[in-house]
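Build out the structure end to end from the sequences listed, making use of the hints.
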Amino acid sequence: MDKVVATAAEAVASVSDGASLAVGGFGLSGVPNVLIQAVYDSGVSGLGVVSNNCGAMESGLAVLLSAGRIARVTGSYVGENKEFARQYLSGELEVELIPQGTLAERLRAGGCGIPAFYTPAGVGTQVAEGGLPWRYAPDGTVALASPPKEVREFDGAEYVLERGIRTDVALVRAAKGDRHGNLVFNKSSRNFNPLAAMAGRVTVAEVEELVEPGALDPDEVHLPGIFVQHVLALTPEQAADKQIERRTVSAPTAQGQPAQTAVQASGQASARGTERD
Numbered sequence: 001m002d003k004v005v006a007t008a009a010e011a012v013a014s015v016s017d018g019a020s021l022a023v024g025g026f027g028l029s030g031v032p033n034v035l036i037q038a039v040y041d042s043g044v045s046g047l048g049v050v051s052n053n054c055g056a057m058e059s060g061l062a063v064l065l066s067a068g069r070i071a072r073v074t075g076s077y078v079g080e081n082k083e084f085a086r087q088y089l090s091g092e093l094e095v096e097l098i099p100q101g102t103l104a105e106r107l108r109a110g111g112c113g114i115p116a117f118y119t120p121a122g123v124g125t126q127v128a129e130g131g132l133p134w135r136y137a138p139d140g141t142v143a144l145a146s147p148p149k150e151v152r153e154f155d156g157a158e159y160v161l162e163r164g165i166r167t168d169v170a171l172v173r174a175a176k177g178d179r180h181g182n183l184v185f186n187k188s189s190r191n192f193n194p195l196a197a198m199a200g201r202v203t204v205a206e207v208e209e210l211v212e213p214g215a216l217d218p219d220e221v222h223l224p225g226i227f228v229q230h231v232l233a234l235t236p237e238q239a240a241d242k243q244i245e246r247r248t249v250s251a252p253t254a255q256g257q258p259a260q261t262a263v264q265a266s267g268q269a270s271a272r273g274t275e276r277d
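Number 24 in full-length UniProt numbering belongs to position 24 of the sequence shown; there are no gaps in the numbering.
Just so you know, these hints were derived from the structure itself, not from any lab.
Remember, predicted model here, so these are calculated numbers, not experimental data.
Note that the Cβ used here is the ideal one computed from N, Cα and C, for glycine as well.
Hints may be right or wrong, so weigh each one.
Claimed, not checked - No more than 25 Å apart at the CA atoms, straight line, and that leaves these computed lysine-lysine pairs for BS3-like:
hint	residue 1	residue 2
1	242	82
2	149	3
3	176	242
4	187	242
5	187	176
To be verified - Per label pair, the in silico range of CB-to-CB distance:
hint	residue 1	residue 2	range
6	217	249	46 to 56 Å
7	58	187	17 to 27 Å
8	144	67	36 to 46 Å
9	226	187	16 to 26 Å
10	148	201	23 to 33 Å
11	113	46	26 to 36 Å
12	18	140	19 to 29 Å
13	89	241	29 to 39 Å
14	215	248	36 to 46 Å
15	129	155	13 to 23 Å
16	92	13	20 to 30 Å
17	237	154	25 to 35 Å
18	213	155	40 to 50 Å
Structural data, given as structure tokens:
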């Protein structure tokens, strides 16, 4: 029952060339950076990645992407990752873009043993009808496009059939975990992490705080240990290493008090949330 491994290299030993990976995180929040770095250090390539986005600010999955180790991305958000966009548009990278809620449900369904489900998201668009560019040719033409999907009517409304996702390995980050693999996620890091963990046939969790079995109240467990095969305890330095994508600093007013717009306040709250998570 003790699932703790001594090193990150041991934790990701099951990741091989061409493996598929479900990776937790959203932007810079809840990203398993230590495990991703261990995958990079192992030298594997040709990876198929399922994640909301593919790294940001040259961290997270961007480390593998920039090194040319990723062959295919299934995700929802390109964002400001210019290297992601460059590789996709130049034909170096195959990309399947999915509505964010559909991606979340495909991961959850795969983890629950549900092979497929119907959703209204994407009906009447290329998501359902096919034709989304998955891979471009070097000359800019579409080398591979998405196929059409089954659409059925239920109670007078149309729904598109989406497949559940299973991957060879899942990499996630949790705020707290015990030796049996029970995990607790902090705030916004509880986004795609539990879903990615469910989708992996082998799931590896890096945890900021490792506790003994019984220390976690069952009611506070967000992901039961049945979904987790390996647990890596982070060092205090690794646990504290959290980036902030944008800092918003407001200029002082004449009275010396900071003036803040709603957008600035939202940005600061987001930055603080990311830092804590």
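Return the numbers of the hints above that this structure violates; sort them in rising order.
Structure breaks hints 2, 6, 8, 17.
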